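For chain A, the structure is supplied; the task is to place chain B on it using the hints.
The residues making up each chain are set out below.
Number of protein chains: 2
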Amino acid sequence: MPSDHIVSSYSDELIQLAETIARMGGQVEVAIEDGTAALLKLDRELADKTVEADRRIDGMQRQIDEMAVSMIARRQPMASDLRAIVTSIHVASDLERVGDMAKQLARRSLKIEGLNLQPGFYNGVKNLTALVMSQLKDALDAYAARNAEEAIEVCNRDDEVDAMYTSLFRELLTYMMEDPRNITPCTHLLFCAKSLERIGDHATNIAERAYYLQTGKQLSEDVEELQRTQIRV
Amino acid sequence: MPSDHIVSSYSDELIQLAETIARMGGQVEVAIEDGTAALLKLDRELADKTVEADRRIDGMQRQIDEMAVSMIARRQPMASDLRAIVTSIHVASDLERVGDMAKQLARRSLKIEGLNLQPGFYNGVKNLTALVMSQLKDALDAYAARNAEEAIEVCNRDDEVDAMYTSLFRELLTYMMEDPRNITPCTHLLFCAKSLERIGDHATNIAERAYYLQTGKQLSEDVEELQRTQIRV
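Sequence lines, in order, name chains A and B.
So for the first sequence, full-length UniProt numbering puts the first residue at 1; every next one is plus one.
So for the second sequence, full-length UniProt numbering puts the first residue at 1; every next one is plus one.
So that you can see chain A by itself, here it is in the shape it has in the complex (with noise of 0.2 Å):
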């Protein structure tokens, strides 16, 4: 017979913290959607839902913070679940930016509008956005599965966010050398490429996360160092 008492117990409390986790990743995965959409159509309404979007998602990570602090206060975890309720934490904070990028993409469709931006400079952005997309994606799907063997495929595939990044890099460059008009859109796309290459790195850490949550070991510093800062550009 269910119960319907409100103070809920400790498993429920972990299972509710998953899911709220499991909830924001949603809403971040829609608000990258959302803030690239409107950034390819100059979509004024879009770009407005996004922001709005991440200042729900900047709640839930307040909300998640406070589920976090309150479960440690009054459960006294022991170590491997403490583990877990500190790296939600972490995790939140990673989605928390990754919306801010969203936002920041959405805004930047505000400026760009009335340049001089031919379709085509968009290709790379594209691509850019879907491989990104299907790497936080399975970055979360990792940490709520805790796989350790998804959450290495994760980090070993932001190479090709790099690849995909030094490339865009160069080809919008070429824009901005053919014709001085080009500069100023395409200063404003390289931005939005960094903001989508960031995305990756965050997915590289939730990925990490996994891992070390699932294994209790850390990544190398070394694969770390080398996947996660080096500037390839």
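Keep in mind the hints are simulated off the structure, nothing from the lab.
Model, not experiment: these values are computed from the prediction.
A couple of the hints might just be wrong.
Covered stretches of chain A, going by a simulated chain B footprint (3 or more residues, C-beta under 8 Å) [unchecked claim]:
1) 14-28
2) 180-186
Quick look at which bits of chain A chain B covers, simulated, 3 or more residues with Cβ under 8 Å [stated by the list, open to error]:
3) 79-85
4) 88-99
5) 189-203
Straight-line Cα separation of at most 25 Å, DMTMM-like style, residue types lysine to aspartate or glutamate; simulated pairs [stated by the list, open to error]:
6) K217/B with D58/A
7) K194/B with D138/A
8) K217/A with D65/B
Even glycine gets a Cβ: it sits at the ideal position worked out from N, Cα and C.
Then chain B, alone, in the frame of chain A:
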């Protein structure tokens, strides 16, 4: 008579945690100085030193995480201490990202080397560095001293950082339009400017945490929204 037993007292641990953050902050400040100097002087040795420092800074973040988690688990702190300890996890995360920015500034110097970069292009970067350095220093002071007034001042001054960044952005665009040979080096400087602006954002985050610790209140979401993530260019 001084005790030399290994298990330190709870208040000693709280002090030790605060000192570790202060030390991490100090190392991050040096990393920004070195990273920017590496960029301005195209100094490979200094660039390597900054990359090495970032590795140590990452280690300090892990150390602070471990300390915080271990304290929560063993000491079962009361609400206000608990909040202070959890906040230290967030501040360490901001500092770790500032360390990444410093490394990226340093590494950017290796990309700029040999390009057609006129000394005058650097002036804006120098000024922006000085401003964000003072922002970070004041934010760390406000955090260490739990000084809400100082924290508000740091948040208010973030507008100056953004204004200087916007002006630098526009200046670099004009160099690019004047001569296509300036496009590649100035694009690298644009990213340096963006990294510095982001260091300013992290300083604001730290100041906001300081305000929250002292007052128990969040700086209003609207203010936060405006100051942290608005794109002005």
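*Within 8 Å of chain B (C-beta), three or more residues of the segment 88-99 of chain A*: It holds: at least three residues are needed, and the segment 88-99 of chain A offers 3 whose Cβ sits within less than 8 Å of chain B.
*Claimed coverage, the segment 79-85 of chain A by chain B - three or more beta carbons nearer than 8 Å*: As far as the segment 79-85 of chain A goes, the hint holds, because 3 residues have Cβ atoms under 8 Å from chain B.
*Between K217/A and D65/B, is the straight-line Cα distance small enough, at 25 Å or below?*
The given pair, whose Cα atoms are some 15 Å apart, holds under the 25 Å limit.
*Can the segment 189-203 of chain A be counted as covered by chain B under the rule of three residues or more with Cβ-Cβ separation shorter than 8 Å?*
Holds: 3 residues of the segment 189-203 of chain A have a Cβ under 8 Å from chain B.
*Can you take a look at whether the segment 14-28 of chain A is actually covered by chain B? Rule is 3+ residues, C-beta closer than 8 Å.*
It is violated, with 0 qualifying residues against the three required.
*asked:* K194/B and D138/A were given as a pair; does the straight-line alpha-carbon distance stay at or below 25 Å?
replied: With a Cα-Cα distance of about 29 Å, the restraint between K194/B and D138/A is violated, given a limit of 25 Å.
*Does K217/B pair with D58/A here, judged by a C-alpha cut-off of 25 Å?*
It holds: about 16 Å lies between the C-alpha atoms, which stays within 25 Å.
_Taking 8 Å as the Cβ threshold, is the statement that the segment 180-186 of chain A is covered by chain B upheld or broken by the three-residue rule?_
holds (count 3)
Checked against the numbered hints above, the structure violates hints 1 and 7; every other hint is satisfied.
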